[in-house]
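Chemist: Here is what each chain is made of, one letter per residue.
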Amino acid sequence: MAAVNPALDHDVHDHGDHKPEGFLDRWLFTTNHKDIGTLYLVFSLIMFLIGGSFAMVIRAELFQPGLQLVQPEFFNQMTTMHALVMIFGAVMPAFVGLGNWMIPLMIGAPDMALPRMNNWSFWILPFAFLMLLSTMFMPGGGPQGGWTMYPPLALEGGLNVAFMIFSIHMMGISSIMGAINIIATILNMRAPGMDLLRMPVFVWSWLITAFLLIAVMPVLAGAVTMLLTDKYFGTSFFNAAGGGDPVMYQHIFWFFGHPEVYIMILPAFGIVSEIIPTFSRKPLFGYQAMIYAIASIAFLSFIVWAHHMFSVGMPLGGELFFMYATMLIAIPTGVKVFNWVSTMWEGSITFEVPMLFAVAFVILFTIGGFSGVMCAIVPADFQYQDTYFVVAHFHYVLVTGAVFAIMASVYYWLPKWSGHMHSEKWGKIHFWSSVISVNVLFFPQHFLGLAGMPRRIPDYNVAFADFNMISSIGGFWFGASQLIFVGVVIHAVYYSRQKATMQVWEGARGLEWTVPSPAPHHTFTVPPLIDASKLAHGDVTH
Amino acid sequence: MISSGVRRARRACAVVASLASAAASANPVPWQLNMSPGVTSISERVHGVHMLAFWVCVGIGVVVFSAMIYAMFRFRKSKGAVAQSWSHNTMMEAIWTIIPVIILIVMAWPATRLLVDMANVENADMTIKVTGYQWKWRYEYVDYYKKPSTVNFISSLDADSARTRQLGSGIDPRTVMDGDYPAYLLNVDKPLVLPVGVKVRFVITADDVIHSWWVPTLGWKQDAIPGIINSNWTQIDKPGTYRGQCAELCGKDHGFMPIVVKAVPKAEFEQWLATQEAEAAARAAATAQVAPAPAAQG
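Quick mapping for you: the protein sequence lines, in order, are chains C and Y. Note that the first sequence covers residues 617 to 1158 in the numbering used here. Note that the second sequence covers residues 4 to 301 in the numbering used here.
Don't take each hint at face value.
[Said to hold, decoys possible] Straight-line alpha carbon distances no greater than 30 Å define the calculated DSS-like cross-link-like pairs of lysine-lysine that follow:
id, chain 1, residue 1, chain 2, residue 2
1, Y, LYS82, C, LYS1041
2, Y, LYS82, C, LYS1150
3, C, LYS847, Y, LYS139
[Unchecked claim] Derived coverage of chain C by chain Y (criterion: at least 3 residues anywhere in the stretch with Cβ under 8 Å from a Cβ of chain Y; other residues may be distant):
id, stretch
4, 654 to 668
5, 891 to 904
6, 943 to 952
7, 1072 to 1080
Bear in mind the hints are in silico, worked out from the structure with no lab data behind them. All values reported here derive from a predicted model rather than from experimental measurement. Heads up, the beta-carbon is just placed ideally off N, CA and C, and yes, glycines get one too.
Sequences are here, hints too, so could you generate the full structure?
Modeler: Laid out in structure tokens, this is it:
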């Protein structure tokens, strides 16, 4: 296979950059992994801005005590929709988009294994979210019971319940198809010589994430279907009056929900494991340990779900088991952090924008990990549960974790996608503005939670006023900073005159840097020859 | 001007107090940074495991972040750093796997012992049944030293807070006071009165959706779930007024169903309970007499 077939070689030159003409042919009917990746990323950015605007409403109402702007019902819609849009609309599609774009390029495949299904799994999403967002304009408004949709509260909703559940089913179908595609691609389409243990860590992280998706999305579908039949068909899965159990819902939901948390962070680990070696000009420390750590975290994610519900009244033995299992996650996560630091150690580091975001990721994600370990301690969690301490914790891992990693990856790979360099100056302005404001936004929320402020409340005692105001200022600032990001991306794609080289970054290693920038419409129609020394993680014989 | 100066001074004092000793702040105070150690032996131990976990995290953070910051400055390309190519160190990898295991055991041990004690709801001298409703709490005094009681009442948001919290009420939440505590949204019409020094067992449930009964100074929260009865316990050491809130999203007024526990000396409590029982009996008698009347009118 590695020998160059003259016919195929000819094909590359002839049609390498041949794109379908016409807007609909190019985008609606596309089966090209790069175009679908772009669609996912653009969709994710739009959802990020919509979900962010909901967060702005939340922070504006919480700016000072007393209700000034919105009724509590609407506030609850904002918290619920913010979470649903950010999780299912922004973070997950962003990672799928990155996977679509980069996995074939990183393993030397011409496209995804199932290109038509790839098109379908994307085009379901805009309709799912149109439906979800449309509930806000229906009588009774959008869902207000929190993104976790706990019964009986979630069933008190009106029309929105059916629409929300249907849109979650559609998102689930989309995710499962995306995951099948990624697994099929990685297991079948690798270029000769790209052994599993030579794959970039980003590809590994997505392989493991895809298995998590296939394992848990059906569980979520089952849980919300039971909600649907409880509401409309008279069943009593979760209705105590009919012999059901509302706590059972929480167990089922979090059996999905905890792996879901890692679905949103494992690809981020992969991204950071690509970026740090590049800008440290040194191979990734402990490549295999990194992969085993991701696999261990994925395994543990199935046996820790009840730590989201310690206050629900479990038997002592259950609480002890889930406490110990949760604490164990600290070990593989710690290994990853130590390995990233060791990768930087004795490197030759430069701080371009992707590296800045990656370093901020390591530091701030670790802070989120610390509060995570604290939350694992059950007696202390009886205090933390459902307070702003938890809100601070999961925003540190999701915003400065997942979202920062996505931004790092956009700065890292955008030159490859667009063929132009972004503005380094405005990228740095975006970074520093984001990294300072996000801490002003979320760090005081630790204090609020410890002082006793519950989450999901539209109004609060005056003792919580000062830190809420600081947090809101940070929130508006962070929100505004993301407009810089939009500007930098638009500039890089349409207006930047600075052409990107093939390798883009001096220390970049891996197959994606062996194709021109911008990457032609079709790449690797002839499988590349793999040179192990050119892979980002370097020597894999250990 | 003067009052704002006084308020500012008071706020400054509160900051100092909260920094110096969280014990001074049984209830939330402005600029409070940390969890209150509370007013029970359990809540103090909860605070203990919280602080242990916190300092462990600080310790690890100092080590990891120092290493990172050192690497970021020492190994810069602009300072002429040349990249090495090593990517393994089995000894280091073993160390940073084993040390965290030991640290986790150190944290898990006191947490396990505390959890066992928190789960022990036996040998209580008194039982309170708590029922969550949208958006208020019902308290039933089930028994006190094995003597059944009929006292039960609904506890909901106080009138001042309820008026102030309306959208566009124009009332400054800072003016809502309970005694000298700015109790906006943390005050009720009728608090739960409990005796000091008595082990109280709570049985907690709900009637509509899931709520969560939480008074931070008692050291725990417990979900109130329809169809399920959870139990927990407390033994308050110090008389005082302890405030909390519903901690599980329960609908539009989730933020407006506070909890207030008034802990009083045992003798005072017994007197209060007797008065309440007499009143309840009188009310029951009055209801019995009046009861036929609506039927006659209807």
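Chemist: Looking at the structure, which of the earlier hints fail to hold?
Modeler: Hint check: 4 fails alone, others pass.
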